[in-house]
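Trainee: Those sequence lines, one after another, are chains A and B.
Sequential numbering of the first sequence, starting at -4, is according to this note's numbering.
Sequential numbering of the second sequence, starting at -4, is according to this note's numbering.
Hints in this document: simulated from the structure, not taken from any laboratory.
Hints should not be assumed to be uniformly reliable.
Given that identical chains are not distinguished, each listed pair holds provided it fits within a single copy or across any two copies.
Quick list of in silico lysine-lysine cross-link-like pairs, DSBU-like style, CA-CA up to 30 angstroms [claimed, not checked]:
hint, residue 1, residue 2
1, Lys87, Lys185
2, Lys258, Lys176
3, Lys51, Lys275
4, Lys273, Lys131
5, Lys84, Lys96
6, Lys273, Lys201
7, Lys96, Lys275
8, Lys303, Lys84
Each chain, letter by letter, is given below.
2 protein chains.
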Amino acid sequence: LANTIIFATMLLTILGSSGALPAYGRYPTCQVLDVGADMFLIDCGEGAQIQMQQYKIRSNRINHVFISHLHGDHYFGLIGWLNSQSLFKRTKPLHIYAPAKLLAIINLQLEYTLSFIIEFHALQEGQAYTLFENEKYQVFCFPVEHSVPTHGFRFTVKRPNNIINKAAITQYEIPIYYLQKLTMGNDYIKQDGTIIPNHVLTFPKKPDLVYCYTADTLYTESILPYISHCNLLYHEATYTEEHSQLATDRQHSTAKQAATIAKLGMVQQLLIGHYSSKYKNTQQHLAEALTVFEQTTCVHEGYTIEIK
Amino acid sequence: LANTIIFATMLLTILGSSGALPAYGRYPTCQVLDVGADMFLIDCGEGAQIQMQQYKIRSNRINHVFISHLHGDHYFGLIGWLNSQSLFKRTKPLHIYAPAKLLAIINLQLEYTLSFIIEFHALQEGQAYTLFENEKYQVFCFPVEHSVPTHGFRFTVKRPNNIINKAAITQYEIPIYYLQKLTMGNDYIKQDGTIIPNHVLTFPKKPDLVYCYTADTLYTESILPYISHCNLLYHEATYTEEHSQLATDRQHSTAKQAATIAKLGMVQQLLIGHYSSKYKNTQQHLAEALTVFEQTTCVHEGYTIEIK
Chain A
-4 LANTIIFATM LLTILGSSGA LPAYGRYPTC QVLDVGADMF LIDCGEGAQI
46 QMQQYKIRSN RINHVFISHL HGDHYFGLIG WLNSQSLFKR TKPLHIYAPA
96 KLLAIINLQL EYTLSFIIEF HALQEGQAYT LFENEKYQVF CFPVEHSVPT
146 HGFRFTVKRP NNIINKAAIT QYEIPIYYLQ KLTMGNDYIK QDGTIIPNHV
196 LTFPKKPDLV YCYTADTLYT ESILPYISHC NLLYHEATYT EEHSQLATDR
246 QHSTAKQAAT IAKLGMVQQL LIGHYSSKYK NTQQHLAEAL TVFEQTTCVH
296 EGYTIEIK
Chain B
-4 LANTIIFATM LLTILGSSGA LPAYGRYPTC QVLDVGADMF LIDCGEGAQI
46 QMQQYKIRSN RINHVFISHL HGDHYFGLIG WLNSQSLFKR TKPLHIYAPA
96 KLLAIINLQL EYTLSFIIEF HALQEGQAYT LFENEKYQVF CFPVEHSVPT
146 HGFRFTVKRP NNIINKAAIT QYEIPIYYLQ KLTMGNDYIK QDGTIIPNHV
196 LTFPKKPDLV YCYTADTLYT ESILPYISHC NLLYHEATYT EEHSQLATDR
246 QHSTAKQAAT IAKLGMVQQL LIGHYSSKYK NTQQHLAEAL TVFEQTTCVH
296 EGYTIEIK
């Protein structure tokens, strides 16, 4: 148990990097975030279940789905994946966090065929709040600026309060059953009453791991409080500077704008994606983002990154 | 004009060969039938629009869509393709022939965003009848036996009544404007009143081209009247003989049963597909079908065949 807490990581896999229209082999938006004891599905564009097979995602591990908004390129793959989960005879409940209307869309097509319960949580328009939290994770949503109500998400994997100092616990003969209490900050009291202070037996807590996903959005600094100092930020970058007017008109961002948010938010690393179908490749996106923020990566289908 | 009538063909492209679950790179059912002046979409499983790009299908040419039944692997890709047609600013109306409930599914998701009119034609449960017919084509639907109301389709490209004999029309100096009338059986009357009989100026009519698609079905000889003597039959072959009980239970067919229908129907060629996800490859399907009907092909994504 102690080990699984100490080595908590996040593994993000990109299943779709395309904008509204699939193009040049790029699929619509879909990401999977493996947080160890759970797996989160972040948006679910058409073909998601096919991409999950392609990239060996064991999608029956997914218990929480987050849909940012109801443009088709962010949810048209959900109905197919839900249907397949039923064909695989899933029984575990599934939590879906999405705009309210999605429940009607699911029910109209799958109401009588689902093999499992959907716990549906309608996202509150324009609100920033915690969607769920337990001792291991927190998921928080925040509004972004797009042509329909849209939320970004912040995923936090909590680190243990402290990390076990293996040499010290051997030296002081601390029983195994007590290790978890040490990670939570308790001192150890020996049978003779001697107190071994917690800081002698542990190393200091590591900071929580935070991944932020902006979904589709116009450039807006209103999201900075929610994404600042995160380990990894995904920000959409539909256009290059040549088409910055299109970005404004269609309430999307350019790669340079994504990089500006990353810089202002002082994030550690930036991923950009959601490329318009007008671009055959994304070299120009990367070049423009790098002029503003050095730790930028252009994501493509199958890209994975571990946050630790 | 005369040329396009004389050389009328059908070009069928398979975009998905998988059964209910995508597997081993196989996509759910989708086919495109190019009949020259029009293009027909036959079922539309998830990822259809991505496969259309992959196989260079100019899908804005599609004006008629035929959905056999409302199991997801036959229609979950339609909503994405319709949405993309709107993003491409399509204005041409689109005819959709499908079970009645599909209209509600489309309207719930796309009612306010479609850039074009959908002419929706609800398939009449259990009925065999002509869906539409003009001077060039006929499309006919017939019921098959499956767990939900399901139709197969028969597509006919009509051949001209007669084929121009180029040597004869040169010899008799027939004016160009009269050629189409010759194809329709008229004699030619010269200015001096002499009659040149039609059979002198033309070759006999070639038979119509017929493609039949069974959709998902239990083995049933009730379809023989509709498919008999066609040029090309697609019959589902979800299972091999090893799993023939599954075929019965789930109201699907085995490859051998598909071949039996082809043989009894005296069709020219058979295509089989809709393979269960339990099979990594389809060698066994082919081997079993060939024991009954020699002109059998196992289709896979990107397979094309011209009927002429």
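Trainee: Please sort Lys87 with Lys185 into within, between, both or neither, judging by C-alpha distance up to 30 angstroms.
Mentor: Answer is neither: 44 angstroms inside a copy and 83 angstroms across each miss the 30 angstroms cutoff.
Trainee: When no copy is specified for Lys258 and Lys176, does a C-alpha distance of 30 angstroms or less occur within a copy, between copies, both, or neither?
Mentor: For Lys258 and Lys176, the Cα distance exceeds 30 angstroms both inside one copy (39 angstroms) and across copies (74 angstroms).
Trainee: Using 30 angstroms as the alpha carbon limit, work out where Lys51 and Lys275 are close: within a copy, between copies, both or neither.
Mentor: Both: 26 angstroms inside a copy, 16 angstroms across copies.
Trainee: Reference check for the pair Lys303 and Lys84, CA-CA at most 30 angstroms: within, between, both, or neither?
Mentor: The answer is neither: 34 angstroms in one copy and 45 angstroms across copies each exceed 30 angstroms.
Trainee: Up to 30 angstroms between alpha-carbons, please classify Lys273 paired with Lys131: within, between, both or neither.
Mentor: Cα proximity of Lys273 and Lys131: none, with 41 angstroms in one copy and 37 angstroms across.
Trainee: State whether the alpha carbon distance between Lys273 and Lys201 is at most 30 angstroms within one copy, between copies, both, or neither.
Mentor: Neither: 43 angstroms inside a copy, 46 angstroms across copies.
Trainee: Indicate which option fits the pair Lys96, Lys275 if close means a Cα-Cα distance not exceeding 30 angstroms: within, between, both or neither.
Mentor: neither (34 angstroms within a copy, 38 angstroms between copies)
Trainee: Under a CA distance limit of 30 angstroms, which applies to Lys84 and Lys96: within one copy, between copies, both, or neither?
Mentor: both (26 angstroms within a copy, 25 angstroms between copies)
Hint compliance for this structure: hints 1, 2, 4, 6, 7 and 8 are broken, all remaining hints hold.
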